[in-house]
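Enquirer: In order, the protein sequences belong to chains A and B.
Here full-length UniProt numbering is used: position 223 in the first sequence is 223, and no number is missing along the way.
Here full-length UniProt numbering is used: position 167 in the second sequence is 167, and no number is missing along the way.
Hints listed in this document are in silico derivations from the structure and should not be mistaken for laboratory results.
Some clues are possibly wrong.
Because identical chains share one entry, a pair is satisfied inside a single copy or across any pair of copies.
In silico BS3-like pairs for lysine-lysine, Cα to Cα no more than 27 Å straight-line [as the list claims (entries may be wrong)]:
1. 89 / 58
2. 226 / 58
3. 243 / 214
4. 58 / 213
5. 89 / 160
6. 160 / 58
2 protein chains.
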Amino acid sequence: MIGADAVPHTFTPIATLYTCFKEKFGVPRQMNLVPAAKGQLVFDPAFANMDAVRDLEKFSHIWLIFVFHQTRDKTWSALVRPPRLGGNKKTGVFATRSPFRPNPIGISAVKLESVENSCDGPVLHLSGVDIVNETPVLDIKPYIPWADAIVRADGGFADKRPASRLQVIFSSEAQTQCRKMTKQIPNLASLITQILENDPRPGYRAGPTTKDKKIYGIRLYDLDVKWQITDGIARILSLDPIK
Amino acid sequence: MIGADAVPHTFTPIATLYTCFKEKFGVPRQMNLVPAAKGQLVFDPAFANMDAVRDLEKFSHIWLIFVFHQTRDKTWSALVRPPRLGGNKKTGVFATRSPFRPNPIGISAVKLESVENSCDGPVLHLSGVDIVNETPVLDIKPYIPWADAIVRADGGFADKRPASRLQVIFSSEAQTQCRKMTKQIPNLASLITQILENDPRPGYRAGPTTKDKKIYGIRLYDLDVKWQITDGIARILSLDPIK
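Chain A extracted, bound-state conformation (with noise of 0.2 Å):
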């Protein structure tokens, strides 16, 4: 009775995600640890329809099915090392929400702000997102509270939610710099504290108490925020355009 189904299945995006993550590095690792991490969802020409989402904006979360495009032609492995057992660890992949997998999909709730209806079709206006900028999404569904929040569920060694906070603070330079971008981006200076705050440096780094010299980059929007990690404390050094 083994690999009845076999046969590969192929979908089309029915949508794009728009974020403020350039990159991999400094995306939150779960969807809604960083509630000023902003999203657009457009939809392609051939979805682009209110009728599809309509009574959409009732729910307060929505569901995104999406590729991991950027680690789609990567090779996976049976055993990863996730960043909540410090990075050394080797767990199968499958215990994990690793973006190496068999089949590059990710799921992640998100909180539905509104829907707009664009000359272009609905834009779903989206926050606490965990996703890369510009990927794929192959489904939307609605956030049940009844059935999807199982309360009672036993986390594993994601039991918790990541302890490790650190203190953000800006830099006298950081700080101007940031001002001068309050126009285009009103939050900025949320979303930098809560990145930092979720300590994004790999396993083996991350922890208050370790020596770490190291200047760390994260590209934000168009601007490669660099920071610093002394005593427990992240300090911005500065917010500079990319060139």
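Start from chain A and add chain B according to the hints.
Expert: Just chain B now, kept in the frame of chain A:
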């Protein structure tokens, strides 16, 4: 910026899910509504590797990402009539979990009862399944309670667990037939009771007060179960082997 990645994506199932549900009618409308509904996930030989599921047994629930293979080749409409709205009000397809959708992909968080190390590789024993037999599965992910259980979510028209609970009784003939099957299917009576309590009839017929003389049939394992609803009571008439 529209349609930046509207290229098709092809996925090959990693596993096949075997369940008691031979056809769409009678499948619970969400997961965990019928705890007695069991399933066995059998991996395709290419993925039948105990390493790939290492530590998965530490999670009580897992997400299955699967293909609605019975509706795969059917057309979809922007508007559908969900059973929760009585089957006569139209709603956008993306505001529902209807299996008739542009990309027929389903997600379901089911209970992981155990992980068996069989001679054909891992077999996952599941319960609370709402998936038809021989469903191709594209991916498995752990259910992460602190991220996935959004208890403050607003579920729109599907905010509450369906209330319509029917009383279920077995005719003496059905009871005799059920008893004979106990060796093969120990929880058959619970399974039938839990399915019918949830009233699997189409929305326009459902509700305990509706006059409905129709005899319904549902195929579970290799049995054809017949029942009738009178005065809000579902009465099992017979359980006959499928010829």
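Enquirer: Against this structure, judge whether each hint is valid.
Expert: Evaluation of the provided hints:
| no. | hint | in the structure |
| --- | --- | --- |
| 1 | 89 / 58 | between (42 Å within a copy, 15 Å between copies) |
| 2 | 226 / 58 | neither (39 Å within a copy, 38 Å between copies) |
| 3 | 243 / 214 | within (22 Å within a copy, 71 Å between copies) |
| 4 | 58 / 213 | neither (48 Å within a copy, 36 Å between copies) |
| 5 | 89 / 160 | within (18 Å within a copy, 41 Å between copies) |
| 6 | 160 / 58 | between (29 Å within a copy, 13 Å between copies) |
In terms of the numbered hints stated before, the structure departs from hints 2, 4, listed from lowest to highest.
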